[in-house]
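> Sequence:
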Amino acid sequence: MNKKAKFAAALLVLMLAGCATAAGGLIGGGVDRASGGDGSAGAMIGAGAGMMIDVLD
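Following our numbering, the numbering of the sequence shown begins with 23 at its first residue and continues without gaps.
Treat the hints as calculated values from the structure; they're not laboratory data.
There could be a bad hint or two in this list.
Unchecked claim - No farther apart than 25 Å at their CA atoms in a straight line, the calculated lysine to any residue pairs in the SDA-like style are these:
| no. | residue 1 | residue 2 |
| --- | --- | --- |
| 1 | Lys28 | Asp76 |
| 2 | Lys28 | Ile75 |
| 3 | Lys26 | Leu36 |
| 4 | Lys28 | Leu48 |
| 5 | Lys26 | Met37 |
| 6 | Lys26 | Cys41 |
| 7 | Lys25 | Val35 |
| 8 | Lys28 | Leu78 |
| 9 | Lys25 | Leu36 |
| 10 | Lys28 | Ala42 |
| 11 | Lys28 | Ala45 |
| 12 | Lys25 | Met37 |
Could you put together the complete structure from these sequences and hints?
Pasting the structure below:
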């Protein structure tokens, strides 16, 4: 891999690890709404899981 590709990969990992709480909330809310819920329970569960990833990362 050249330097640009390594830098882009490192930046992508940093961005994904830094916003796991928000991403988990969005994904969880979407899954909950798709299964017939109102989206709030799935968003809370997803955000909690994402928060644990942020804390442990």
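> Any of the earlier hints contradicted here, and which numbers?
When the structure is compared with the hints, only number 4 turns out to be violated.
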